[in-house]
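One letter stands for each residue in the lines below.
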Amino acid sequence: MPVVKLQRPKLNFGESIYLLAVAKGFLITLTHAIKSLRGKSASAKSLASSGLGVTMQYPEHRWDEHLPEYYRGAPALVTDEQGRERCVSCQLCEFICPPKAIHITPGEIPSNDPWAKVEKRPAAFEIDMIRCIYCGMCEEVCPEQAIFLRKDYLITGLNRADMVHNKEKLLAIGGVRTGLVNKWNELK
Amino acid sequence: MALIILIVKIIALTFLVVLPLVPISVYFERRFCAIIQDRVGPNRTGIPLTLLGFKKDFHFFGLIQPMADGVKLFLKEDFTPAYVRKVFFWLAPALTVAPALITVCVIPFGSSITLFGNTQQLVIANLDIGPLFVFAVSSLTVYGITLAGWSSNSKYPLIGAVRSSAQMISYEISLGLSIIPVLLYFGELNLGKIVQYQADHGWLLLPLWKNGQLGLPDLQTALFCIPAFVAFIIFTISIFAETNRMPFDLPECETELVGGYHTEYSSMKFAMFFMGEYAAMVIGSALIVTLFLGGWSVGFTADKWIQNFHFGEFYFGGLIHLLVFLLKLIVFILFFILVRWTVPRFRYDQLMKLGWVVFFEAALINVFLAALILAAPHLAPAILATGAVLLAVVTAALIWVAKVSEPKSGILQA
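Read top to bottom, the protein sequences are chains P and C. Counting from 1, one number per residue, gives the positions in the first sequence under the working numbering. Counting from 1, one number per residue, gives the positions in the second sequence under the working numbering.
No lab work stands behind these hints: they were computed from the structure. C-beta: ideal position from N, C-alpha, C; glycine also. Keep in mind that a hint or two might mislead.
Stated by the list, open to error - Computed list of lysine-lysine pairs in BS3-like fashion (alpha-carbon distance at most 30 Å, straight line):
1. 117(P) x 24(P)
2. 167(P) x 117(P)
3. 183(P) x 151(P)
4. 72(C) x 151(P)
5. 40(P) x 155(C)
6. 56(C) x 35(P)
7. 100(P) x 167(P)
8. 353(C) x 24(P)
9. 403(C) x 10(P)
10. 155(C) x 72(C)
11. 45(P) x 56(C)
12. 45(P) x 24(P)
13. 403(C) x 24(P)
14. 56(C) x 5(P)
15. 10(P) x 353(C)
16. 169(P) x 151(P)
17. 5(P) x 353(C)
As the list claims (entries may be wrong) - Just so you have them, the derived chain P footprint on chain C, three or more residues with Cβ under 8 Å:
18. 25-39
19. 340-353
What the hints assert, rightly or not - With the C-beta cut set under 10 Å, the calculated list includes, among others, these residues of chain P facing chain C:
20. 29
21. 41
22. 44
23. 46
24. 48
25. 137
Using the sequences and the hints given, assemble the complete structure.
Laid out in structure tokens, this is it:
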């Protein structure tokens with residue numbers, strides 16, 4: 001590539017004397033300051049600002065209603081409208097999980113259970129939320145529509161043990177989900 | 001008795017007025033820059049009443065943040081690297097703070113208060129060499145910075161210190177030259193009397209009243225506004241360079257030198273540099289306000305009236321003047337901050353060129369222009385015309401020399 005000789009831009013008198021350019025700069029920064037004090041900064045509304053600049057001030061104002069549809073929060077197990085926990089402990093999510101955050105201990109469903117023909121359900125299902133990277137692969141790989149990424153983002157704990165979600169916690173976060181394919185129902 | 005009054009003044013004016021201004025200006029710096037950048041800034045630090053079981057915390061708009069910062073800096077590890085020159089390493093922070101605080105003593109903070117027939121000026125030392133004293137003492141700051149850089153025995157601090165000393169020495173020249181017109185106008189070096197004169201005859205940049213009456217200034221005063229304004233601009237910008245503030249903060253520019261001369265410092269020693277810098281900014285603004293913007297005077301012929309406020313024997317007009325002065329000071333500090341978050345940093349050769357080629361010459365010409373305007377009533381018209389022509393010719397010649405000596409612009413130089 002040939003050498004490109006860059007030319008300095010030609011300044012007119014107002015620019016080369018600096019002071020006018022600096023004054024123009026003051027105008028820009030002051031406009032920003034006044035607008036942000038009045039809560040009228042550009043895109044303050046779409047960012048749900050707290051009324052000062054564009055910042056949302058966290059504990060008082062929360063993300064919740066502003067989360068986009070595609071937001072990926074904490075993964076959780078769901079039950080369906082018949083009260084059946086949908087996980088059959090096939091362990092696909094455990095195997096696909098990139099950071100190896102999921103640990104499943106498969107358990108058998110006793111033969112006197114109405115859902116005996118499903119055969120397996122997790123005896124223990126743990127997701128280590130310190131390891132989870134919210135990639136959503138577990139949701140994608142699940143053949144049973146049992147695990148979903150919810151919009152929960154406030155996952156806190158005081159020690160490592162607190163950050164491991166066990167089955168009860170996961171089911172509590174997931175809740176009941178309707179409109180899923182119920183392939184284990186009796187044929188009519 | 002005089003000694004007690006002096007000590008009371010020192011404690012009240014230095015420790016209750018100027019030193020609190022340092023954390024306040026740090027707070028303003030953080031909040032104002034946040035607002036300029038559409039952010040919020042520190043607004044949470046307060047009294048955590050919820051920890052004690054109350055419903056709400058007191059935030060005070062985050063005003064306690066600088067205090068929390070101070071506590072944090074106190075509790076940090078004060079680390080002295082093994083390879084430094086210990087004596088100078090410890091001496092340097094003190095040498096940067098002390099001059100800034102010493103210069104406080106000549107700044108007139110207010111007119112006077114009278115208690116039981118005992119009138120006191122609101123100034124620690126009513127020296128007759130005010131601005132000269134400020135320049136003499138404040139140029140000592142350069143020793144602190146140079147020693148800090150040299151004793152750190154490390155590359156970045158040394159480069160920062162060398163830059164800083166070169167910069168401060170260069171800009172002290174234009175700083176000193178630029179106020180000569182002001183001193184010619186007042187014929188006085190006592191800052192207190194300068195402010196009194198401005199209260200009576202109109203501020204240097206706003207001479208809209210005289211002898212207690214509002215009105216347009218006479219021709220000479222009006223014409224003098226031109227050199228006064230030039231002096232104001234040169235002086236303000238030089239103060240920016242002297243205090244290592246933003247467009248000229250090359251001694252500590254983070255992008256090139258990590259932290260400049262205080263790279264190796266930690267904990268309270270770093271805080272001393274930080275404090276010294278902000279104290280210098282406060283003093284610089286105080287000096288500008290005093291010389292050009294009427295110091296403590298309210299202006300518009302209201303000062304006499306304010307000075308006569310009293311509860312019985314206690315004339316407290318001076319305290320109102322003190323508040324006015326602080327208000328002006330804070331407005332000017334906000335201006336400092338606005339500049340910092342508006343103007344990008346100069347390149348080092350641009351900085352030197354601005355100091356030596358532009359400001360030095362401009363200040364010099366300004367001195368002669370001011371002298372010509374002030375001497376005009378006493379001169380014969382022929383001499384006056386000759387002087388004006390000479391000044392114009394010299395100015396044109398200087399501009400021409402500066403233009404010719406400039407390297408051919410066009411191709412970018414490395």
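Results of checking the hints against the structure:
Pair hint residue 117(P) plus residue 24(P) does not hold up; C-alpha atoms about 76 Å apart against a cutoff of 30 Å. Of the supplied pair hints, the one linking residue 167(P) and residue 117(P) holds, its CA atoms being roughly 22 Å apart against a limit of 30 Å. For a cut-off of 30 Å, the pair hint linking residue 183(P) to residue 151(P) stands: about 27 Å separates their Cα positions. Using a Cα cut-off of 30 Å, the hinted pair residue 72(C) and residue 151(P) is violated, with the two alpha carbons roughly 37 Å apart.
For the proposed pair residue 40(P) and residue 155(C), the alpha carbon gap of about 46 Å is over 30 Å, so the pair is violated. Proximity of residue 56(C) to residue 35(P) is assessed by CA-CA distance (about 29 Å); at most 30 Å being required, the pair is judged to hold. Distance hint between residue 100(P) and residue 167(P) is fulfilled; the C-alpha atoms sit about 17 Å from each other, no more than 30 Å. A threshold of 30 Å between alpha carbons decides the hint, and for residue 353(C) with residue 24(P) the separation of about 23 Å falls inside it, so the pair holds.
Under the criterion of a C-alpha separation no larger than 30 Å, the hint pairing residue 403(C) with residue 10(P) is consistent with the structure, at around 15 Å. Between the alpha carbons of residue 155(C) and residue 72(C) the distance comes to roughly 28 Å, so the proposed pair stays at or under 30 Å and holds. Among the hinted pairs, residue 45(P) with residue 56(C) is consistent with the structure: their alpha-carbon atoms are about 27 Å apart, no more than 30 Å. For a cut-off of 30 Å, the pair hint linking residue 45(P) to residue 24(P) stands: about 27 Å separates their Cα positions.
A distance of roughly 25 Å separates the Cα atoms of residue 403(C) and residue 24(P); the hinted pair therefore holds under the 30 Å criterion. Distance restraint check for residue 56(C) and residue 5(P): the Cα-Cα separation of roughly 63 Å exceeds the 30 Å cut-off, and the hinted pair is therefore not satisfied. Simply put, residue 10(P) and residue 353(C) have alpha-carbon atoms about 19 Å apart, close enough for the 30 Å limit, and the pair holds. Taking the CA atoms of residue 169(P) and residue 151(P), the gap is near 15 Å; set against the 30 Å cutoff, the hint holds.
For the given pair, residue 5(P) sits about 25 Å from residue 353(C) by alpha-carbon distance, which is consistent with the 30 Å threshold. Here the segment 25-39 of chain C counts 7 residues with a CB under 8 Å from a CB of chain P, which clears the bar of 3, and the coverage holds. Counting residues of the segment 340-353 of chain C whose CB lies closer than 8 Å to any CB of chain P gives 3, which reaches the minimum of 3, so the coverage claim holds. Annotation: residue 29(P) was flagged as interfacial toward chain C, and the flag holds, the nearest CB pair being 5 Å apart, inside 10 Å.
Annotation: interface hint on residue 41(P) holds; nearest CB of chain C at approximately 4 Å, less than 10 Å. Given the 10 Å rule on beta carbons, the hint for residue 44(P) holds: about 8 Å separates it from the nearest Cβ of chain C. With its C-beta approaching chain C no nearer than about 13 Å, residue 46(P) sits outside the 10 Å limit, and its interface hint is violated. Interface hint at residue 48(P): violated, since its Cβ lies 14 Å from the closest Cβ of chain C, which is beyond the 10 Å cut-off.
Interface hint status for residue 137(P): violated, as the beta-carbon distance to the closest one in chain C is roughly 36 Å, over 10 Å.
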